Amino acid sequence: DGGITQSPKYLFRKEGQNVTLSCEQNLNHDAMYWYRQDPGQGLRLIYYSQIVNDFQKGDIAEGYSVSREKKESFPLTVTSAQKNPTAFYLCASSFGQGGHQPQHFGDGTRLSIL
Amino acid sequence: GESVGLHLPTLSVQEGDNSIINCAYSNSASDYFIWYKQESGKGPQFIIDIRSNMDKRQGQRVTVLLNKTVKHLSLQIAATQPGDSAVYFCAETGYSTLTFGKGTMLLVSP
Numbered sequence: 001d002g003g004i005t006q007s008p009k010y011l012f013r014k015e016g017q018n019v020t021l022s023c024e025q026n027l028n029h030d031a032m033y034w035y036r037q038d039p040g041q042g043l044r045l046i047y048y049s050q051i052v053n054d055f056q057k058g059d060i061a062e063g064y065s066v067s068r069e070k071k072e073s074f075p076l077t078v079t080s081a082q083k084n085p086t087a088f089y090l091c092a093s094s095f096g097q098g099g100h101q102p103q104h105f106g107d108g109t110r111l112s113i114l
Numbered sequence: 001g002e003s004v005g006l007h008l009p010t011l012s013v014q015e016g017d018n019s020i021i022n023c024a025y026s027n028s029a030s031d032y033f034i035w036y037k038q039e040s041g042k043g044p045q046f047i048i049d050i051r052s053n054m055d056k057r058q059g060q061r062v063t064v065l066l067n068k069t070v071k072h073l074s075l076q077i078a079a080t081q082p083g084d085s086a087v088y089f090c091a092e093t094g095y096s097t098l099t100f101g102k103g104t105m106l107l108v109s110p
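Chain order of the listed sequences is A and B. Residue numbers are given in this note's numbering: position 51 of the first sequence equals residue 51, and the series is strictly consecutive. Residue numbers are given in this note's numbering: position 51 of the second sequence equals residue 51, and the series is strictly consecutive.
Heads up, some of the hints might be wrong.
Claimed, not checked - Partial list, computed: chain B residues near chain A (C-beta under 7 Å):
#: 1; residue: Gly-16
#: 2; residue: Thr-93
#: 3; residue: Tyr-95
#: 4; residue: Thr-97
#: 5; residue: Leu-98
Claimed, not checked - Pulled a few chain B residues facing chain A out of the computed Cβ check, cut under 7 Å:
#: 6; residue: Gly-43
#: 7; residue: Pro-44
#: 8; residue: Asp-49
#: 9; residue: Lys-56
#: 10; residue: Gly-101
These aren't lab readings, by the way, just hints derived from the structure by calculation. Since the structure is predicted, the reported quantities are computational estimates derived from the model, not experimental observations. Even for Gly, the Cβ is constructed at its ideal location relative to N, Cα and C.
Can you build the whole structure from these sequences, using the hints too?
Structure (structure tokens):
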């Protein structure tokens, strides 16, 4: 089955630690996205990538970093500079490089602070 | 479980009723709109989309209506079922990225 796989489902971070969230897709989609979701809030865009080896900051990129070395993979690193990292993180992908295609989502990673 | 629904507007309906969920969008330049359903602990699931050259689009048990004059989008669910209980988001775009609304929680009682 084609889809988007996020791992791990739950992740705990200690103070001063960087953690990396995995996102893999086998849909042959060009574009991939990372969102953050807080309780009672809509999704906020962290980073997106429309093509391999290129990515752009979203609305809340500070304290996060990404890479896009392969079409299938778009890992997100939550750095120690992100002072409020506790949230539900969602990865998505879509055909083409514009926004006029539906984005398909993984089932998220819940990050908590120890 | 997932607490995405905290403090969201809530629509409570009985099984078999029709549900209407509304969304006001902000950008008059937006020309593509999507409705998503998000169940507890899961990622959003695509329901239906509509482009700005249309006023109405129908899917299976769902209809999306677009009123560009007042920047309003609605999702109608016919014969609502308990499995429809979830948070529903609208999203809009005019460029390369989607902007999401905060969502509405739909509660369906048997």
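We went through each hint and held it up to the structure:
Below 7 Å, beta-carbon pairs count as interface contacts, and Gly-16(B) has none with chain A, the closest being about 29 Å; its hint is therefore violated. The beta carbon of Thr-93(B) is positioned within 7 Å of a beta carbon in chain A (closest approach about 4 Å), and the interface hint is therefore held. At a threshold of 7 Å, the smallest CB-CB gap from Tyr-95(B) to chain A is about 6 Å, leaving the interface hint in force. Satisfaction of the interface hint for Thr-97(B) is found here, the shortest Cβ-Cβ separation to chain A being roughly 5 Å, below the 7 Å cut-off.
At its closest, the beta carbon of Leu-98(B) sits 6 Å from a beta carbon of chain A; the interface hint therefore holds under the 7 Å criterion. For Gly-43(B), the suggested interface contact is upheld, since its CB lies about 3 Å from the closest CB of chain A, less than 7 Å. With a least beta-carbon distance of about 5 Å to chain A, the hint placing Pro-44(B) at the interface is held under the 7 Å criterion. Residue-level restraint check for Asp-49(B) holds (minimum Cβ-Cβ distance to chain A is 6 Å; threshold 7 Å).
With a cut of 7 Å, the hint placing Lys-56(B) at the interface with chain A is violated, because the nearest CB-to-CB distance is about 18 Å. Evaluation of the Gly-101(B) hint against chain A yields a held restraint, the C-beta minimum of about 5 Å falling below 7 Å.
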